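Novice: In order, the protein sequences belong to chains X and D. For the first sequence, our numbering assigns the number 4 to the initial residue and increments by one for each residue that follows. For the second sequence, our numbering assigns the number 1443 to the initial residue and increments by one for each residue that follows.
Incorrect hints may have been included.
What the simulated footprint calls covered on chain D by chain X, stretch by stretch (three residues with Cβ under 8 angstroms from a Cβ of chain X suffice, anywhere in the stretch; the number is not a length) [unchecked claim]: (1) 1469-1481; (2) 1523-1534; (3) 1563-1571; (4) 1734-1748.
In silico negatives: residues of chain X with every beta carbon more than 10 angstroms from chain D [claimed, not checked]: (5) E23; (6) L138; (7) D180; (8) L328.
The set of hints was computed from the structure by calculation and includes no laboratory data. If you're wondering where the values come from, they're calculated on a predicted model, not measured in any experiment. Ideal placement from N, C-alpha and C gives every residue a C-beta, glycine not left out.
Each chain, letter by letter, is given below.
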Amino acid sequence: MKAAVAVEDKIVRVLGEGGEVDASKDPRLSDRDLLTLYRAMLLNRMVDERMFRLQRQGRIAFYIGATGEEAAIIGAAFAMGEKDWVVPCYREFGAAYVRGFTLRDFFCQIFGNAQDLTKGRQMPVHIASSRLHVLSVSSPVGTQIPHAVGLAIAAKIRKAKEAALVFFGDGATSEGDFHVSMNFAGVFRAPCVFLCRNNQWAISVPRERQTAAPSIEIKAKAYGFEGVLVDGNDVLAIYATTKKAFEKARSGGGPTLIEAFTYRLGPHSTSDDPHAYRGEDEVELWKKKDPLIRFREYLEKRKLWHQDRETKLMQDLNEEILSTLKEVEQIPPPPPESIFEDVYAVMPWHLREQRDQLLRWLEERKKITESY
Amino acid sequence: MPEMNMIQAINDALRVEMERDDRVIVMGEDIGKFGGVFRATQGLYQQFGEDRVFDTPLAEAGIIGTAIGMALYGLRPVPEIQFADYIYPAFDQIVNELSKYRYRSGGQYSCPLTIRTPYGGGVKGGHYHSQSPEAYFIHTPGLKVVVPSSPYDAKGLLISAIRDEDPVLFFEPKRIYRAVKGEVPKGEYLVPLERATLVREGDQCTVIAYGAMLHMARETVDLATKKGIRCDLIDLRTLLPFDIDTILQSVQKTGRVVIVHEAPRTCGFGAELAATIGEKALLYLEAPVLRITGFDTPFPYTLEHDYLPDAPRVLAGIEKTLNF
Ligand SMILES: Cc1ncc(C[n+]2csc(CCOP(=O)(O)OP(=O)(O)O)c2C)c(N)n1
Ligand SMILES: [Mg+2]
């Protein structure tokens, strides 16, 4: 690929493609942290596989995965402080997970049931958790980016040592919201880290159709701050770069744009068929760069991992996924009147009226259906 | 005559117009080689090439803004917005630029472009793949707003829209893209804009609907017939400018009106219809004009079928109007 050649000389990388480490750049995470990271990445991968299967079986309506992008998502979120803010796009379950968003929380959201934190209001994967400082996912592309800048400016106004991390795709960099956000962040020196998951595709549209620039990261230059190109399939490089960007942000150094150079191994979503627009050869090439494989090879070299542990972990995770699913699938949907809650802090008269109408209608519907 | 679903009919309309007029071009996200996420532009890239069928960067303001420039130059762009829910980044271009160009230039310029966009709920699409935003655009002088409910109308109306000298927002009810089939003539034919059609005839109540709701309303009217209630059912097809004559003729006959749409009620299109009927036919009315609509909440996910108007709700509305 053209872009891949252009970026190769300045890309930040800690792990080589065979898992060998560049000691000068190693962020020196503890063994425990390394294993936590790996576990989260593997879980994310396995959840994706299971959810695609559930969608095919008609048990859930829709799903969007992170397959191939786990390192960029999880590695970045792992570098944050507890009080920092995550502003996710729709592939960032893993980022929320490492901050304490549970598998059960995720499944309840996907089923949109009565225990979903977001009350069945949104499509699957559109999570939110105010407790964990994870903003609410929105489907419109790029709209979340200015919110992160706003959080960051607010933290700066209040002299809090908090920063914000916002995720978005390569496609999103074409939207006005991206450019507006970069500009505000530069002007206000906002403690904000922009993480662009450049997975090379926006549904069927290749990266080359989003920008004529040789990379995305260079766009930061025009807005007056630093851009960094990182191997998005190298979890340690992502971790180290994000950590540095956060340190800079907290010490008043302003924003950073990180371009995580990665690849969407799966379809855009369960509604997509990538065979219609991209070749298998390209996918095969990127499968060899699978972030999980690379990280596992590193862990094996460090003697932290071996096949038996892998098998055992997969069994455990599978068990956890299945038992959580089993429990969550039994939970009923939210009650009909919940449609009218949270439109406003206090329900106005017209919504109270409409709520009462709906409840009456549901009664009548029962009767009419019986008399058909 | 070939039988088609609505997607095929729209695809056919685009092909017919592109073959007839080389000023017609198609642009948007994923509409090129891929043929659109709903397949509406399938095969057009292969047939007409990159100059006339092209993927754009992911930026709706850019799509509509540049389409305006192309229309000013003399092309006939048919941009696609992938979902109506994603039209808002282009709202400024549509409301401040597209709709006003003819007026503000004293008639020197015009923007004959047709924005196609899938809209509406019932597809498990949550907030952002379900909205019915037609009222924002009906409220914008200078635009025309069209909503087909059948493959036949979709093709004939789209061709009329492309040939129209004014900008048209063409809202496609995605819920029935494939669910509704019908005979569609080959080649070109026009279904005129600004004309409603009477789908069922009766003298006791007028039911007005459009888009996917039309099918539910027809089912309801047929149900009512079985119960001895005779209704006119009007498919509006064009919402702006709407066909006031057909509406008034019916209202003068029935004296009772039920309006159905899935968009929220407050300031929805039903409000405009009710007000106009009140102004022009008050003395014919035997009951208040009733609206059966989506609720004034964002479009929910899990409970979308409680949100959307359904046959029992509309039937209850018709009965309430009759018993007033
Ligand atoms: C404003 C807007 N336009 C169009 C869409 C439809 N859409 C959903 S995802 C997507 C592609 C996004 O690509 P990218 O930003 O690269 O993120 P990725 O999916 O690759 O992670 C498109 C066009 C949307 N959700 N929002
Ligand atoms: Mg992408």
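Novice: Provide an ascending list of the numbers of those earlier hints which the structure does not satisfy.
Specialist: Hint check: 7 fails alone, others pass.
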